[in-house]
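Heads up: the sequence lines are chains A and B, in that order. Under the numbering used here, read the first sequence as residues -15 to 95, first letter to last. Under the numbering used here, read the second sequence as residues 3 to 111, first letter to last.
It is worth saying that the hints were derived from the structure and are not from the lab. Glycine included, each C-beta is placed from N, C-alpha and C at the ideal position. Hints may contain errors.
Restricting the straight-line Cα-Cα distance to at most 30 Å, the calculated cross-link-like pairs of lysine-lysine (DSS-like) are [unchecked claim]:
(1) K41/A x K39/B
(2) K70/B x K52/B
(3) K28/B x K41/A
(4) K(-2)/A x K28/B
(5) K41/A x K52/B
(6) K41/A x K61/B
Chain A residues, not near chain B, derived (Cβ > 12 Å throughout) [stated by the list, open to error]:
(7) N2
(8) R15
(9) Q21
(10) Q25
(11) Q34
(12) E40
(13) E52
(14) E62
(15) V82
(16) F85
(17) Q88
(18) V94
Label pairs and their in silico Cβ distance ranges [what the hints assert, rightly or not]:
(19) R6/A x G53/B: 23 to 29 Å
(20) I13/B x R65/A: 41 to 47 Å
(21) K70/B x K55/A: 27 to 33 Å
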Amino acid sequence: DTGVSQNPRHKITKRGQNVTFRCDPISEHNRLYWYRQTLGQGPEFLTYFQNEAQLEKSRLLSDRFSAERPKGSFSTLEIQRTEQGDSAMYLCASSLGVEAFFGQGTRLTVV
Amino acid sequence: QQPVQSPQAVILREGEDAVINCSSSKALYSVHWYRQKHGEAPVFLMILLKGGEQKGHDKISASFNEKKQQSSLYLTASQLSYSGTYFCGTEGGSYIPTFGRGTSLIVHP
Chain A
-15 DTGVSQNPRH KITKRGQNVT FRCDPISEHN RLYWYRQTLG QGPEFLTYFQ
35 NEAQLEKSRL LSDRFSAERP KGSFSTLEIQ RTEQGDSAMY LCASSLGVEA
85 FFGQGTRLTV V
Chain B
3 QQPVQSPQAV ILREGEDAVI NCSSSKALYS VHWYRQKHGE APVFLMILLK
53 GGEQKGHDKI SASFNEKKQQ SSLYLTASQL SYSGTYFCGT EGGSYIPTFG
103 RGTSLIVHP
């Protein structure tokens, strides 16, 4: 087991395009989180899954954002019609107990 | 609500000690501490649960005062490798940690 894996590591996209990120959690971890982090800030909660169920979504998550975890294993985060304000590091974390372990993140740049 | 961390930044020489504080306005079930180096993911350090008091390994330890809704991270005899940004994440029973803005720690030789 190599920890939480995120792909791609970097993504540059033009404003208005759609992007999708993938997260593979640590196997058997039933909880999965998506966070967003901008420079100089802590990770900001976006959404949370327990197995395949999306149990919590931040009010920050606009209608342009959607996340899935279809089989309770990997998860995808899609951003539609990207805006420059979406530029950030998108972090995925997984947990079985109380400790959450983060992946390396996907850095999104919207130009 | 986001926990408040203090100080915002600490500059030390190797061997010196540091304390980073984290406080919340909400009742807490757990406090998580992470360290993040520039361009890397946050790395889990430790978690303190309601009912526990103090935890630590090597020269990094932490305390959790439930009544005051506060936690402190203690770094003893700091090493160069301790440099980074430290985040506390607080959680009130929802399994969803909310993170502070971080404390930047710089350790000089």
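Hint by hint, here is what the structure shows:
Distance check on the hinted pair: K41/A and K39/B sit about 28 Å apart at the alpha-carbon level, within 30 Å; holds. Using a Cα cut-off of 30 Å, the hinted pair K70/B and K52/B holds, with the two alpha carbons roughly 12 Å apart. Simply put, K28/B and K41/A have alpha-carbon atoms about 20 Å apart, close enough for the 30 Å limit, and the pair holds. Distance check on the hinted pair: K(-2)/A and K28/B sit about 40 Å apart at the alpha-carbon level, beyond 30 Å; violated.
Of the supplied pair hints, the one linking K41/A and K52/B holds, its CA atoms being roughly 25 Å apart against a limit of 30 Å. As the CA atoms of K41/A and K61/B are separated by approximately 37 Å, the hinted pair breaks the 30 Å bound. Under the 12 Å C-beta cut-off, the non-interface status given to N2/A relative to chain B holds; the minimum distance is some 25 Å. Under the 12 Å C-beta cut-off, the non-interface status given to R15/A relative to chain B is violated; the minimum distance is some 6 Å.
With a least beta-carbon separation of about 9 Å from chain B, Q21/A fails to lie farther than 12 Å from that chain, contradicting its non-interface assignment. Under the 12 Å C-beta cut-off, the non-interface status given to Q25/A relative to chain B is violated; the minimum distance is some 6 Å. With a least beta-carbon separation of about 8 Å from chain B, Q34/A fails to lie farther than 12 Å from that chain, contradicting its non-interface assignment. Consistency note on E40/A: stated as away from chain B, yet its beta-carbon is not over 12 Å from all of that chain's, at 6 Å minimum.
Listed as a non-interface residue, E52/A keeps its Cβ farther than 12 Å from every Cβ of chain B; the least gap is roughly 18 Å. Here E62/A stays apart from chain B, with its beta-carbon at least about 21 Å from theirs, past the 12 Å limit. Distance to chain B contradicts V82/A as a non-interface residue, since its nearest Cβ pair spans about 5 Å, not more than 12 Å. Remark: the non-interface label on F85/A conflicts with the geometry, its nearest Cβ contact in chain B lying 6 Å away (cut-off 12 Å).
Listed as a non-interface residue, Q88/A fails to keep its Cβ farther than 12 Å from every Cβ of chain B; the least gap is roughly 5 Å. Its beta-carbon lying about 19 Å from the closest one in chain B, V94/A satisfies the requirement of being farther than 12 Å from that chain. In this structure the hint that R6/A and G53/B lie 23 to 29 Å apart at CB is violated, the actual value being about 37 Å. The supplied range of 41 to 47 Å is met by I13/B and R65/A, whose beta-carbon atoms lie about 43 Å from each other.
Taking 27 to 33 Å as the suggested C-beta distance range, the pair K70/B and K55/A does not conform, at roughly 43 Å.
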